Amino acid sequence: MHSNDERLRLAYGTTLEGHPDGSRPSHPEPEALVALAERSGSEAARLEVLDHVMACGECRRELDLVRASLSAARIPRQRSWFRSPSIGLMAIAASLLIAAGVRLLSTSGDIETGPRLRGGSAVSTYPVRWLPTGAAGLAWRPTVDAVGYRLEVIDEAGGALVDSTMRDTSFVLADSLANTRRGLSWPVTAMLGDGSTVGSLPVRLVRPAR
Amino acid sequence: MTRYSGVLRTVGARYRLPSADLDELTQEVRVRLWGALTTNERIDAVSPSYLYRAATTAAIDIVRRRRSARGDSLDMVDDAELSARRAPPTPEIDASLKELGERVEQALQSIVASRRPVVRMYLAGYGTAEIGELMGWTEAKARNLVYRGLADLRLRLRAMGIDGGGDT
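Going line by line, the protein sequences match chains A and B. Mapping the first sequence onto our numbering, position 71 (from 1) lands on 71, and the numbers just tick up by one. Mapping the second sequence onto our numbering, position 80 (from 1) lands on 80, and the numbers just tick up by one.
Looking at chain A on its own, in the form it has when it is part of the complex (with noise of 0.2 Å):
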């Protein structure tokens, strides 16, 4: 007699259907097939119940019952790859150049380094251009019906180191004031011919690092 695994599998099968039910040891009750389902107790335990019920054939099905309803109800946990120690140190590293590219986006904004021209405002001012002689030069487009504009450079503490009025759309700032001090910003307003004002937006003045 010859008998590959399926064959062993046929005749196994005769082995369950062919039993009455007295002719096995007592069932398991319904609380071990979910014990076992539920990989909860001791794995000695879990395969005993295991024995019986591979061996019974209704207490097989009752066991497929009872792995859907749980499987089907499961609460989903947790996946462990996110518990692990390399992933959060990732998770961290990942916040930190997120935190790090919001912090150069805000600051960029700040360094007058390309040929920009601000808007968004009533006032558009041109990047600053940095002479050689270390003075800034500021610009500003003119705006339709403007009788003057006032120019302020206010240092750190909000003194202002420059505060004129004029016609021209152009200044330019003194090297012993641009790089002597630090966090300056200048904004432009635009003084109207009806006598309303219209501004810029407050730019900070850095000097590109060379």
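No lab work stands behind these hints, which were simulated from the structure alone. Heads up, some of the hints might be wrong.
When the alpha-carbon atoms are kept at most 20 Å apart in a straight line, the in silico DMTMM-like pairs for lysine to aspartate or glutamate are as follows [claimed, not checked]:
id	chain 1	residue 1	chain 2	residue 2
1	B	K98	A	E48
2	B	K98	A	E6
3	B	K98	A	D5
4	B	K141	A	E48
5	B	K98	B	D163
6	B	K141	A	E43
7	B	K141	B	E130
8	B	K141	B	D152
To give an idea of the chain B side of the interface with chain A (calculated C-beta under 10 Å), a few residues [claimed, not checked]:
id	residue
9	T10
10	V11
11	I43
12	M135
13	A151
Computed from a predicted structure; not experimentally measured. Quick reminder that beta carbons are idealized off the backbone N, C-alpha and C, glycines included.
With chain A held as given, fit chain B onto it using these hints.
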């Protein structure tokens, strides 16, 4: 509840459950939730842990009820079910398989107790991945235990004069 019912259909197919079993299970869980929570809003907002408990007790009650019914009319139910499940009668093959099945059962009784349930599960038609999942083992460990258990089984069968060779 809707989610549970939907997932149960999918999971039930994986466990080869007949649709009547799935209907009974769904109904049992639904009745429990209705009895305890009474309104659709509360049922929709049921916590996963509450649903899990309801599904557990529902399954337990169904098992008890079936056992009780089998105890009341054992012969009638089993005969009807078995005749419906069995393949069309082919006397020679049937007798040969039955004889082999009895020998396999005898051989199983003598192999190491810790390997026996795993081999039974494999012979009952479960794969090594499912065995590992049920016992909390890796598939490799389950496969190893099945392999060793089947080797034990074949040794015993050979000792009984049965060629237990073949693939694993």
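Does B/D163 sit within 20 Å of B/K98, going by the straight-line distance between their CA atoms? 16 Å, holds
Taken at face value, is the distance from the CA of B/D152 to the CA of B/K141 at most 20 Å? Roughly 17 Å between the alpha carbons, so the hint for B/K141 and B/D152 holds.
Under the criterion that the straight-line Cα-Cα distance not exceed 20 Å, is the pair B/K141, A/E43 satisfied? 14 Å, holds
Are the Cα positions of B/K98 and A/E48 separated by 20 Å at most? Violated. B/K98 to A/E48 sits at ~25 Å, over the 20 Å cutoff.
Do the alpha carbons of B/K98 and A/E6 lie within 20 Å of each other, as the hint requires? Holds - the C-alpha atoms of A/E6 and B/K98 are around 14 Å apart, at most 20 Å.
Take a quick look at whether B/K98 and A/D5 sit within 20 Å of each other, Cα to Cα. Roughly 15 Å separates the two Cα atoms, so the pair holds.
Can we keep the B/T10 interface hint, with Cβ of chain A closer than 10 Å? Holds, about 8 Å.
Going straight from one Cα to the other, do B/K141 and A/E48 come out at no more than 20 Å? 18 Å, holds
Given a cut of 10 Å on the nearest C-beta pair, is the interface hint for B/M135 held or broken against chain A? Check passed: Cβ of B/M135 comes within 7 Å of chain A, closer than 10 Å.
Given the hint that B/K141 pairs with B/E130, test it: the Cα-Cα distance must not exceed 20 Å. 12 Å, holds
For the hint on B/A151, does the least C-beta distance to chain A fall short of 10 Å? With a closest approach of 12 Å, the B/A151 hint is violated.
Supplied contact hint for B/I43, tested at 10 Å Cβ to chain A: Violated, about 14 Å.
The structure shown violates the earlier hints numbered 1, 11, 13.
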